[in-house]
Amino acid sequence: MAAPFKFELVSPERLLLSAEVTQVDLPGTEGDFGVLAGHAPFVATLRPGIATVTKSGGEVVKIFVRGGLADVSPAGLTVLAEKAIPVSEMKADQIAAEIAVAETAVANAIGESARQAAALKLAQLKDLVGSLKAA
Amino acid sequence: MASLKELKNRIASVKATQKITKAMQMVAAAKLRRAQDAAEAARPYATRMAEVIGNLATGFAGRDDAPALLGGTGKSQVHLLVVATAERGLCGGFNASIVRLAREHIRKLLAEGKTVKILTVGKKGADSLRRDYGNLIIDRVELRGVKSIGFDNAADVAAKVMALFAKGEFDVCTLFYSRFRSVIAQIPTAKQLIPAKIEATATPATSGTALYDYEPGEAEILEDLLPRAVAVQVFTALLENAASEQGARMSAMDNATRNAGDMINRLSLEYNRSRQAQITKELIEIISGAEAL
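First to last, the sequence lines map onto chains A and B. Take our numbering: the last position of the first sequence gets the number 135, and nothing is skipped along the way. Take our numbering: the last position of the second sequence gets the number 293, and nothing is skipped along the way.
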């Protein structure tokens with residue numbers, strides 16, 4: 001069995017999860033990546049998506065994260081997410097609300113690059129909805 | 001001397017007031033607990049965020065290609081002041097002290113010939129700044145009806161600030177709020193948001209020494225993070241403000257309850273005195289009437 005390491009998931013409102021885990025799979029901006037114990041120090045931005053956390057006991061938790069940052073340091077992994085909701089607690093209307101937020105962000109964005117970034121987020125969210133429905 | 005009936009009414013009304021202030025104090029105490037818990041819960045995110053940004057920003061220190069949010073626009077002509085106050089009064093000097101600090105800054109900046117723009121958060125600050133500097137207020141955010149401040153409220157405020165910055169409407173942004181020290185001490189504070197002030201983080205053991213890999217690049221991450229850091233700082237400030245407001249209201253209402261108690265004592269004493277005086281007067285009338293016979 002893989003060695004455990006410390007994982008913390010923090011949102012601005014509270015510390016959501018702090019546990020010993022064996023593996024965490026995260027949706028990075030440039031592709032999904034997995035983190036195991038002893039990973040090299042690494043900082044990556046996240047796109048909206050599902051983080052899969054395997055706890056030391058073997059229990060698997062799936063959490064929706066939006067807009068965040070993963071910080072892998074020798075001390076462990078910290079994910080700073082603007083929003084994080086466990087998939088099991090997620091309702092269809094919450095996803096709809098997320099998409100509405102993204103859509104207004106696209107509408108309000110100032111400047112071409114900001115608009116593109118917002119549009120990308122929206123597309124990523126819609127992808128996510130598709131994969132959630134399929135699951 | 002007020003008549004007996006008048007005194008009785010006064011006492012009844014002060015008693016009613018005392019009941020209200022007592023209830024408000026207890027409500028504030030309960031809300032204070034919740035606000036403090038919220039502020040406590042938000043701390044890990046803010047500290048981690050500051051750490052990561054601190055790490056990234058030290059690499060950019062003094063470089064020309066640093067993002068504008070970090071390096072500033074190179075000028076300090078136009079100042080944006082974000083003044084965060086409460087939605088409601090009856091909380092002692094809470095709103096007044098924040099506004100006073102903001103006002104001092106405005107006066108100083110205007111004297112230096114700078115341009116000042118004001119963004120108010122909360123109704124009370126807008127109301128009292130409107131009198132003197134109404135023409136400087138460019139926007140106002142009201143949090144009326146917001147039960148507990150969520151990150152989205154702060155993100156809204158930050159989005160307004162960021163939009164103004166993107167349009168080049170200001171060079172320096174400062175946030176005014178009240179830091180919560182204890183129930184009796186709330187410290188009005190000014191905090192510079194843009195350009196970002198990086199506090200040197202002394203965390204060599206955890207991250208400072210390690211060589212980091214960045215994905216995408218350092219600059220991209222920093223650009224993604226800095227706007228979010230502004231939102232986080234606004235959020236922290238709003239939470240501190242909420243705790244301070246309840247703390248201030250609690251002690252103000254405690255004072256008011258005590259004052260009402262004193263007043264009731266004084267009025268009851270006066271009431272009893274005049275009641276006795278009246279009884280004595282009536283007795284004298286009866287006796288002298290009987291003697292005359």
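Some hints could be false.
Said to hold, decoys possible - Selected chain A positions facing chain B (in silico; Cβ < 10 Å): (1) 45; (2) 116; (3) 117.
Said to hold, decoys possible - Below 20 Å or equal to it, Euclidean Cα-Cα: the simulated EDC-like pairs (lysine to aspartate or glutamate) are: (4) B:15 to B:224; (5) A:121 to B:171; (6) A:83 to A:93; (7) A:83 to B:37; (8) B:197 to B:215; (9) B:197 to B:224; (10) A:91 to B:152; (11) A:83 to B:223; (12) A:126 to A:59; (13) A:6 to B:51; (14) A:6 to A:93; (15) B:75 to B:171; (16) A:121 to A:93; (17) A:83 to B:270; (18) A:121 to B:223; (19) A:121 to B:37; (20) A:83 to A:25; (21) B:123 to B:139; (22) A:83 to B:152; (23) A:83 to B:156; (24) A:121 to B:270; (25) B:160 to A:112; (26) B:160 to A:103.
These are computed hints drawn from the structure, not numbers from a lab. Using N, Cα and C, we set each Cβ at its ideal position, and we do this for glycine too.
Consistency of the hints with the structure:
1. 45: holds (5 Å)
2. 116: With a closest approach of 13 Å, the residue 116 of chain A hint is violated.
3. 117: holds (9 Å)
4. B:15 to B:224: violated (57 Å)
5. A:121 to B:171: violated (29 Å)
6. A:83 to A:93: It holds: about 15 Å lies between the C-alpha atoms, which stays within 20 Å.
7. A:83 to B:37: With a Cα-Cα distance of about 19 Å, the restraint between residue 83 of chain A and residue 37 of chain B holds, given a limit of 20 Å.
8. B:197 to B:215: violated (24 Å)
9. B:197 to B:224: The given pair, whose Cα atoms are some 17 Å apart, holds under the 20 Å limit.
10. A:91 to B:152: With Cα atoms ~19 Å apart, residue 91 of chain A and residue 152 of chain B stay inside 20 Å; holds.
11. A:83 to B:223: With Cα atoms ~19 Å apart, residue 83 of chain A and residue 223 of chain B stay inside 20 Å; holds.
12. A:126 to A:59: The hint is violated at about 28 Å.
13. A:6 to B:51: Since the Cα atoms of residue 6 of chain A and residue 51 of chain B sit roughly 18 Å apart, the hinted pair holds (cutoff 20 Å).
14. A:6 to A:93: violated (33 Å)
15. B:75 to B:171: holds (6 Å)
16. A:121 to A:93: holds (18 Å)
17. A:83 to B:270: violated (62 Å)
18. A:121 to B:223: holds (16 Å)
19. A:121 to B:37: violated (32 Å)
20. A:83 to A:25: Given pair residue 83 of chain A, residue 25 of chain A holds - Cα atoms ~17 Å apart, limit 20 Å.
21. B:123 to B:139: holds (12 Å)
22. A:83 to B:152: holds (10 Å)
23. A:83 to B:156: holds (15 Å)
24. A:121 to B:270: This hinted pair is violated, its Cα atoms lying about 72 Å apart.
25. B:160 to A:112: holds (18 Å)
26. B:160 to A:103: holds (17 Å)
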